[in-house]
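Peer 1: Each chain is listed here by its residues.
Protein chains: 6
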Amino acid sequence: MSQPVQISARNQLKGVVEEIRTEGLLAQVRLRIGGETVTAVITREAVDELELAVGQPALAIIKATEVMLAREA
Amino acid sequence: MSQPVQISARNQLKGVVEEIRTEGLLAQVRLRIGGETVTAVITREAVDELELAVGQPALAIIKATEVMLAREA
Amino acid sequence: MSQPVQISARNQLKGVVEEIRTEGLLAQVRLRIGGETVTAVITREAVDELELAVGQPALAIIKATEVMLAREA
Amino acid sequence: MSQPVQISARNQLKGVVEEIRTEGLLAQVRLRIGGETVTAVITREAVDELELAVGQPALAIIKATEVMLAREA
Amino acid sequence: MSQPVQISARNQLKGVVEEIRTEGLLAQVRLRIGGETVTAVITREAVDELELAVGQPALAIIKATEVMLAREA
Amino acid sequence: MSQPVQISARNQLKGVVEEIRTEGLLAQVRLRIGGETVTAVITREAVDELELAVGQPALAIIKATEVMLAREA
Chain H
487 MSQPVQISAR NQLKGVVEEI RTEGLLAQVR LRIGGETVTA VITREAVDEL
537 ELAVGQPALA IIKATEVMLA REA
Chain V
487 MSQPVQISAR NQLKGVVEEI RTEGLLAQVR LRIGGETVTA VITREAVDEL
537 ELAVGQPALA IIKATEVMLA REA
Chain X
487 MSQPVQISAR NQLKGVVEEI RTEGLLAQVR LRIGGETVTA VITREAVDEL
537 ELAVGQPALA IIKATEVMLA REA
Chain S
487 MSQPVQISAR NQLKGVVEEI RTEGLLAQVR LRIGGETVTA VITREAVDEL
537 ELAVGQPALA IIKATEVMLA REA
Chain G
487 MSQPVQISAR NQLKGVVEEI RTEGLLAQVR LRIGGETVTA VITREAVDEL
537 ELAVGQPALA IIKATEVMLA REA
Chain W
487 MSQPVQISAR NQLKGVVEEI RTEGLLAQVR LRIGGETVTA VITREAVDEL
537 ELAVGQPALA IIKATEVMLA REA
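Residue numbers (the numbering used here), protein chains in the order written: chain H, 487 to 559; chain V, 487 to 559; chain X, 487 to 559; chain S, 487 to 559; chain G, 487 to 559; chain W, 487 to 559.
There may be inaccurate statements among the hints.
For identical chains, the list gives no copy identity; a pair is met inside one copy or between any two copies.
Simulated crosslink set (EDC-like; lysine to aspartate or glutamate; CA at most 16 Å straight-line) [stated by the list, open to error]:
1. Lys500 <-> Glu531
2. Lys500 <-> Glu558
3. Lys500 <-> Glu522
4. Lys500 <-> Asp534
Please keep in mind that the hints were generated in silico from the structure rather than gathered at the bench.
In this text, all values refer to a predicted model and were calculated from it rather than measured experimentally.
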């Protein structure tokens with residue numbers, strides 16, 4: 487298991503795992519966060535190591551430089 | 487101005503601009519999205535071009551491969 | 487379908503879809519942009535949602551902080 | 487100086503440096519690539535080390551997983 | 487302070503902070519990790535929140551999809 | 487084959503390929519770098535083009551803006 491850390495990423499959003507789809511090396515995981523759904527693509531290895539499962543709490547972690555902004559056109 | 491597009495990014499979260507801090511080439515922008523705050527670091531140019539301003543609606547756009555997952559330790 | 491947006495990403499390059507290869511959760515899509523080919527790896531879901539197809543126009547969207555520079559050695 | 491390498495990134499686009507703006511730790515560099523302009527934000531250190539200068543050839547290097555796709559709305 | 491988490495990122499490399507340079511919204515931080523130096527650009531806010539300081543232990547966290555590979559030419 | 491370049495990425499870590507797992511469009515490659523293991527997810531195409539193989543030298547290339555920092559909790 488990976489060790490507990492405090493991480494520099496500005497975005498650490500708490501939610502609940504809603505769906506996990508695993509194919510090949512990767513998994514597509516959806517979290518329910520407030521009224522929104524957030525989708526992550528991570529390795530299958532990470533899903534196994536974190537023991538992620540539908541219905542369990544999890545956080546979406548996103549570095550601020552990876553976030554773009556937009557306006558409705 | 488950039489043209490209106492539909493984009494492949496899985497995460498397109500609607501919120502309201504809460505804070506804009508601009509220094510040098512970049513800006514750090516916070517959106518209020520539901521009960522969460524999301525922080526983006528984008529270019530100052532983009533802030534100007536999109537005419538982002540505190541109190542206005544905006545979206546945070548995040549590619550699914552940029553999202554990590556975590557569990558509380 | 488995702489809504490039309492104006493996005494902060496500095497790079498929004500117009501081209502034509504040249505190839506789509508889908509396997510598992512992902513798709514590898516090539517665009518012809520001027521004299522260059524640009525390759526994207528996105529989710530299969532996004533390909534379906536945007537109804538991307540060979541021969542159709544599309545844009546490659548890239549955040550400026552994701553672009554590296556190099557010189558021929 | 488960094489050593490010559492062959493790199494896995496799918497996108498290696500040849501162009502000419504059009505503009506370099508340096509402030510603080512970063513630089514915003516524009517390349518002219520065919521009929522398009524590509525903008526990169528890299529460290530000032532990297533600009534100095536590669537001796538990038540307006541009018542000189544350079545390449546934009548972009549990992550395929552960092553490219554999103556879009557359609558005009 | 488951010489809460490302790492276990493994170494999905496495949497790369498969690500232990501080192502010691504060697505240098506911190508802060509300008510504007512960002513900081514450029516170097517870690518000594520084994521015989522290598524790793525450079526991160528993160529927000530100044532994150533440096534303050536994690537109380538990073540030269541000589542202290544820290545980890546570099548990198549998502550596997552952000553790592554490219556290369557061969558010496 | 488991709489051409490030899492000098493690249494702006496601040497992190498260019500020399501190691502030896504320890505494992506390659508290929509499934510679908512992608513490959514998960516582990517490098518041994520000093521006492522650490524670094525994991526990359528790149529396209530299968532790139533593995534073939536660079537002729538990466540277990541036991542061979544390779545470099546992990548990481549843009550500084552993609553590196554987060556953390557402290558043990």
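Peer 1: Go through the numbered hints given earlier and state which of them the structure violates, listing their numbers in rising order.
Peer 2: 1 and 4
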